[in-house]
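Put chains B, C, D, E and F with the ligands on the given structure of chain A with help from the hints.
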Amino acid sequence: MTLTVKNLTISRGGIPVLEGLNFTLAPGKALILRGPNGVGKTTLLRTVAGLQPPVEGDVICGPETIAYAAHSDGLKGTLSVSENLHFWADIFGTKGIQNALDGFDLNSLVDRPAGALSAGQKRRLGLARLLVTGRPVWILDEPTVSLDVASVAMFADAVRAHLSEGGSALIATHIDLGLDAEVLDVGPFRAKPRSGTGGFDGLDESFL
Amino acid sequence: MTLTVKNLTISRGGIPVLEGLNFTLAPGKALILRGPNGVGKTTLLRTVAGLQPPVEGDVICGPETIAYAAHSDGLKGTLSVSENLHFWADIFGTKGIQNALDGFDLNSLVDRPAGALSAGQKRRLGLARLLVTGRPVWILDEPTVSLDVASVAMFADAVRAHLSEGGSALIATHIDLGLDAEVLDVGPFRAKPRSGTGGFDGLDESFL
Amino acid sequence: MIALLIRDMKLAMRAGGGFGLGLSFFLIVTVLVPFGVGPESTLLAKIAPGILWLGALLACLLSLDRIFALDWEDGSLDLLATSPLPMEGVVTVKATAHWLTTGLPLCLASPLFGLLLSLPAEGYQWLVASLVLGTPALSVIGTFGAALTVGLKRGGLLMSLLVLPLYVPTLIFGAEVARRGAEGLATTTPLLMLAGITAGTIALLPFASALVLRVNLR
Amino acid sequence: MIALLIRDMKLAMRAGGGFGLGLSFFLIVTVLVPFGVGPESTLLAKIAPGILWLGALLACLLSLDRIFALDWEDGSLDLLATSPLPMEGVVTVKATAHWLTTGLPLCLASPLFGLLLSLPAEGYQWLVASLVLGTPALSVIGTFGAALTVGLKRGGLLMSLLVLPLYVPTLIFGAEVARRGAEGLATTTPLLMLAGITAGTIALLPFASALVLRVNLR
Amino acid sequence: MGSIWEYANPVKFIRTSEIVLPWVSILATVTLIAGLVWGFFFTPDDYRQGSTVKIIYLHVPAALMAINVWFMMLVTSLVWLIRRHHVSALAAKAAAPVGIIMTLIALVTGAIWGQPMWGTWWAWDPRLTSFLILFLFYLGYIALWEAIDNPDTAADLTAVLCIVGSVFAVLSRYAVNFWNQGLHQGASLSLDKKENVADVFSTPLYVCIAGFVLLFIALVFLRTRTEIHKRRTKALLARERLG
Amino acid sequence: MMPDLGKYGDTVLSAYAVSIVLLVIMVALSIRASRKARAELQKIEGRRNG
Ligand code: HEM
Ligand SMILES: Nc1ncnc2c1ncn2[C@@H]1O[C@H](COP(=O)(O)OP(=O)(O)OP(=O)(O)O)[C@@H](O)[C@H]1O
Ligand SMILES: Nc1ncnc2c1ncn2[C@@H]1O[C@H](COP(=O)(O)OP(=O)(O)OP(=O)(O)O)[C@@H](O)[C@H]1O
Ligand SMILES: [Mg+2]
Ligand SMILES: [Mg+2]
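If you read the sequences in order, they're chains A, B, C, D, E and F.
When we follow my numbering, the leftmost residue of the first sequence carries the number 36, and every step to the right adds one.
When we follow my numbering, the leftmost residue of the second sequence carries the number 36, and every step to the right adds one.
When we follow my numbering, the leftmost residue of the third sequence carries the number 8, and every step to the right adds one.
When we follow my numbering, the leftmost residue of the fourth sequence carries the number 8, and every step to the right adds one.
When we follow my numbering, the leftmost residue of the fifth sequence carries the number 8, and every step to the right adds one.
When we follow my numbering, the leftmost residue of the sixth sequence carries the number 50, and every step to the right adds one.
The following block holds chain A by itself, in its conformation from the complex:
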């Protein structure tokens, strides 16, 4: 169940963005990724989730252990909240969505079509999906976007509960979640131009 990242270099649009990343994520632990906008957090998470291949290095982790939650939630506006959750439960072969509904206070919204939710309610539903996947390793990209303070606390509780059950979580976020977790600033791993010749020293976000 341990997720290990070894000497990883990742690229976006053909350009390396982060390099030399090493970390392990043991069961029961959470790791918070930090870094300025555009440094490559999303790219890193997608690579770890297996959606894109690494340029170099390895992501080692058991098969079918990862649940990924991206910037967008993958909700169907015409399906109700419970239909959306049941669908993912069926896909991941787990039973029951009650747990997920309770965890994110969605009970009063079960029959509402997902399209008629507010931004924060949608996000809560998107996060509730994690609970029905039954997967141990959560990979979360800015999970608290649009959430109010109470919902952020709710989310932190859900993560804590998940960790205490032996799960783990890799979270990219800009805000403080109040979790007791290691923090990894990816800023220092910014990919450097290969040849060290001058002119390139002014490398910034746009790699110019």
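No incorrect hints appear here.
20 angstroms max Cα-Cα, derived SDA-like pairs, lysine to any residue:
#1 F/K85 <-> E/T240
#2 E/K241 <-> A/P148
#3 F/K92 <-> E/L244
#4 B/K227 <-> E/T240
Partial pick of chain E residues on the chain B-facing surface, computed with a CB cut under 10 angstroms:
#5 D156
#6 N157
#7 P158
#8 D159
#9 A245
Rather than coming from a laboratory, the hints here were simulated on the basis of the structure.
Just so it is clear, CB atoms sit at the ideal spot from N, CA and C, and this is done for glycine as well.
Below, chains B, C, D, E and F with the ligands without anything else, positioned relative to chain A:
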């Protein structure tokens, strides 16, 4: 330039969500809207921006004074950053985007297609659009989503500069922006069910 | 308004081809017809004007659903609605951009496709004339349909359903001009009718489209 | 997989009609043909099998672009890719759902539309047979096209362009079966070819589609 | 007070229809059965069309209703857009399925009639063609209602569609006439016999027409009530969820 | 009782059959929908008032 909201009732999907709202927003002032997820902030902002009609009450404000920025940024992924900004500048009949580029540190990204920006960079571009509208009243729906700490500060500076030039801003947000502004919690204005009488006697044009 | 037109044209170009795509669809429909109905050239010549008009209509239709859909999804439409442009202006510009990227290339290329379907020599000028007069109406009507269905997921098919009956008069008169032209008959009446329909839709329909679009943004 | 199939069918239904819409498009194409080529029933009878096949093909095509597009836009596709379902399974389910909502209703309704185009009495059974055998290939090929163009804005037209040439063999043999049937000729050879194409595409194309989809998700 | 617009209030409408509906329903059933029985059992055959002339008692009322229902929808749509009375929008919604069934009956009976008379189920005669187009308009109208969640938005959009559609329906009618001038003499022969329809045929025909009209009225009352109930259910449910 | 329909018997009967079936279906569906809507509304109003 003063925006006045009088006894406003707004509805979403045919159901009143907030009622009895009153506030004024004078030039040079900012007003922060707070409230739990799903209370109706987005609906309120859309009504104030004139995108949907109020159920009751009035929004009083000069014509062509409002610049609205929603959850989504209205960017075209195939156009470059500068093309996106130039487009909005042309639509609003203003000149020059340099100011906007400087304000949100986009100079290094000008020629990048907007589709190849990270979440936070996109948001910065979306906010930069406000500077090219030349409109005095900014209506912002969770403007700092996806932004890192430095960018949030950059945004707060932009708002302060706008206020000092006699503009005003109405901002719905869940986080603390560090602005010196009045805060309005919309929670207490939640619409209450009409007369408790049963049967069809309570039936009115909104079928409640 | 010009800025919007330029942007829309740019977007159409960038999105892999722009002009080319409507045209290629037209081409492919014209090419598939002989596969469907068999290769006899007398038969093809007879149905050529109708098929060419149908092909133009379908090519228009297929590119319609994205007139507003993209701007809706990424939020630009909300922003445009709060901009100084009147909604009628937005709608008109969108229809114009659609015509420039779809209708106009079809008109220019139609003689070539007439060749593929053995259209008689007299027919070409009338085919082009009818398309030039008729395709603007197709774009304007289509914009109305697109405005009606903006924001509906899978709106594409619904839009076709709504738009196609509205296309009937234009199609009938347009194809009639082309057919009569190909057979060497008088074309004045249908040509006048066609011009009338186009003028009428251009003058009135944008108001309906703008109304409908505003309702959809609520 | 069943869950995905059920969800897709549900989505198709909810989105205002589901089954109905592909059908209505087919209906409308068939209705518009006489407006284009004129009302003579002998001419119509002659082109009927080809036009019906073309109509079915276009109805399929029009509903294709949304096979993956919606799931892509709202992020479901990323999530499905990290789920226990193999990508090949996803692709197959998508093709099946597309066929059930488009191809199947077209097969069932085609005799009615044959009526509108004065299809000769002998033609009906062959028309239906050819559609039943051929439309699954259209859905599978279409899914491949949709997988290729997912993530491209305005992918619709580009996809048509890619998919239509791939449709040619199916169309040729399908229409040939229907035409020979209507004229009372032997239909065995084209029928066998049609069945072969369908079997082949169903067996092989899902792998290609899955591959392409995975690349597009990167 | 006493203005006709009062009845456009949902409560008032529910109350009034509660009283009126049973009577209209009974009247409709009686008239319709009487007319059809009279027409089917107690009229002679036509000297040229034989017994097929009996189809007229279904075909013509259905055809008339098909057009009139659309017209009624046009009027209620205008009322909704101008005065924003919810009942009038819901009445249009309630009427559309009735209209499409009427169109379908006219088309099907016509097709069945065409088989012995013209030797074909379908011909691209202008009248038949414009009916087919009307059918498509109904289909699009209903599909649009179904596709939109927000009831007010749906009412607005369908109302505009109905108005624009009406203009285009009329245009199509002219276009179709122009397109297929005099190709089907057979059709005009049998269709233009109206003048010499003898009383033996016309009286039961009028009864049938009255029966169809009454049936339509009863159905629209019933279905509009249904729509109002549904609207209220939806509103209450939504309100409950808001807490 | 049954009138003599001559050689067009099938035609006339099928026309009547189809039309009457369509009419009956429409009426039945309308009534069913009406019952359902009313029952549902009563359930909810009951819940609200009780
Ligand atoms: C599918 C096909 C058909 C459609 C859609 C259709 C449509 C109509 C319509 C709209 C009317 C009433 C219009 C009016 O009163 O001005 C009508 C009337 C009539 N139709 Fe048809 N018709 C069809 C086929 C036929 C056939 C095959 C026959 C018989 C040969 C027929 C005989 C009549 C007669 C006798 C009337 C009443 C006379 C009249 O009002 O002019 N129709 N039909
Ligand atoms: N399609 C693309 N082509 C080229 N470069 C891209 C593309 N998409 C993103 N980039 C660039 O890659 C870098 C990394 O992007 P990524 O989305 O991983 O950043 P991030 O750390 O998630 O930022 P944020 O906090 O803003 O979400 C950014 O500088 C971005 O501009
Ligand atoms: N289309 C719709 N139909 C019915 N109800 C809706 C619809 N869209 C939103 N709602 C409901 O209206 C209420 C107000 O939504 P709104 O988006 O204004 O909330 P918000 O305050 O912006 O919340 P958030 O902080 O989560 O963005 C919510 O309870 C939401 O569930
Ligand atoms: Mg990111
Ligand atoms: Mg909101």
